[in-house]
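**Student:** Take a look at the letters that make up each chain.
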Amino acid sequence: MPEPEQLVAVRVNVNGKEHKLQVEPRLLLVELLRENLDLTGTHVGCDTSYCGACTVLLNGRAVKSCTVLAVHADGGEVLTVEGLAKNGELHPIQKAFGDAYGLQCGYCTPGLLISTYQLLQQNSNPSEKDIRKAIAGNTCRCTGYQNVFKAIKAAAKGA
Amino acid sequence: MFPRAFHYHRAGSLKEAATLLAQLGPEAKLLAGGQSLVPLMKLRFASPSHLVDLNFVPGAAYVKQDGGGLRVGALTCHADIEDSPAAAAIPILHDCAAGIADVQIRNRGTIGGSVAEADPSGDWAPVLLTLGADVRCLGPKGERMVPISEFVVDAYTSALADDELISEIIVHAPPKGSGGAYLAFKRSAPVYASASAAVRLAMEDGVCRDAAIVLGAVGLTPVQAIEAEAVLRNNQVTAKTIEAAAEAARAAADPQPDMRGSAEYKRQLVTALVKRALEVALKRARGEKVELGHIYA
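Line order of the protein sequences matches chains P and G.
Be aware that the first sequence starts at 1, since it is given in the working numbering, and climbs by one per residue.
Be aware that the second sequence starts at 1, since it is given in the working numbering, and climbs by one per residue.
Think of the hints as simulated: they come from the structure by calculation, not from any bench.
One thing to keep in mind: the hints can contain errors.
As the list claims (entries may be wrong) - Below, computed lysine-lysine pairings styled on DSSO-like, alpha-carbon distance capped at 30 angstroms:
(1) 95/P - 150/P
(2) 275/G - 129/P
(3) 20/P - 29/G
What the hints assert, rightly or not - Stretch-level coverage of chain P by chain G, calculated; a stretch enters the list once three of its residues show a Cβ under 8 angstroms from a Cβ in chain G:
(4) 5-12
(5) 15-26
(6) 35-49
(7) 69-77
The beta carbon of each residue, even a glycine, is placed where N, CA and C say it ideally should be.
Just need the whole structure built from these sequences, with the hints factored in.
**Tutor:** So, in structure tokens, the structure goes:
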């Protein structure tokens, strides 16, 4: 007879809201967000820790949520793209990406927004080099990045 | 993709983790930052029955000054070493920490995990070899210190026993007049290096008293380029001797052809990386501040 599945209690604050869940230890953070909490703004791209589409903030730091176990968020705070807009108003980073056409198909955008969020939290006046380094873990196959750089510079000015 | 199901054990201390490893046997693996192990488990290249999670162990992540050297907790993530003023005093540590993969991975991946995995393409081992670092290992019966040169045994094989873990990396103060540098070339940010070079020069009155040159990703373990070191030792470090050392390092490299490039291409990379790293190490030995980072498209 197969052994009963182990479940682990996870208590996590996602975008300001407390959640208590029982999860399989092998559940990935991105699946907890998308499948358990219906927060499908965070995307799965490569699913191999390369592309960064699944980037979220865990305890204030950008991580690839396809490569973090959900149990690691226990007792922690997660910010996803859904947590950026406040009171129906887009976050300044989101506005800047829209204004500068910093996206085309939009699949990588949630990850890029979160990586930009972490960059601007740490450095409100990033150089071109700082920006390139901050989003080196986010792959975009549409834009060629030029408008993404413009958007991040504009967001930094507005921040 | 999902990992195969496993039993999860959350360790409250490093000692408890070692005890759990002893109880659970060789089918148990440690989970630190998970940036290598989780992808391996998702691809089912690794399917441990038990995972002992170190992420909730308090006080295992730190960079502390100790004399002129450093003690780095095994659970310290690369990003914290990148940002550490204490680590910045030994620039080669910053070269390495700031260039590993990308921001997201540096925020999770740990120095202890990287060293313990002994991936032939890992960044830390070549750097720590030039510094003669020690690895503090903890088992259920106590702890022992293993020089990094003895710690890395083979590809993906360390000197750790099944019930041992790394608690701390000890970096000794480089002698006065020393300069080190680490340079890696990779195809893009998130991937492992195609080739890398870690070097250290100890200069005295314009003469190189000691040299360490260790190559990464071009052999089953980091390759110490002994003949390249000999070219520089007790010699002046000039464009000509740097060139000769880089050629000797190229001969020491034993790269495998793979999707990162042919063996010949990687040997050519070694020549260029060693040359550039030595130039920077020499400047740093003279007290100049030079920024250096991984090269990628």
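**Student:** All the hints need checking, so say for each whether the structure fits it.
**Tutor:** Each hint, compared with the structure:
no. : hint          : result
1   : 95/P - 150/P  : 12 angstroms, holds
2   : 275/G - 129/P : 24 angstroms, holds
3   : 20/P - 29/G   : 27 angstroms, holds
4   : 5-12          : holds (count 3)
5   : 15-26         : holds (count 3)
6   : 35-49         : holds (count 3)
7   : 69-77         : holds (count 4)
Going through the hint list in order, the structure satisfies each hint without exception.
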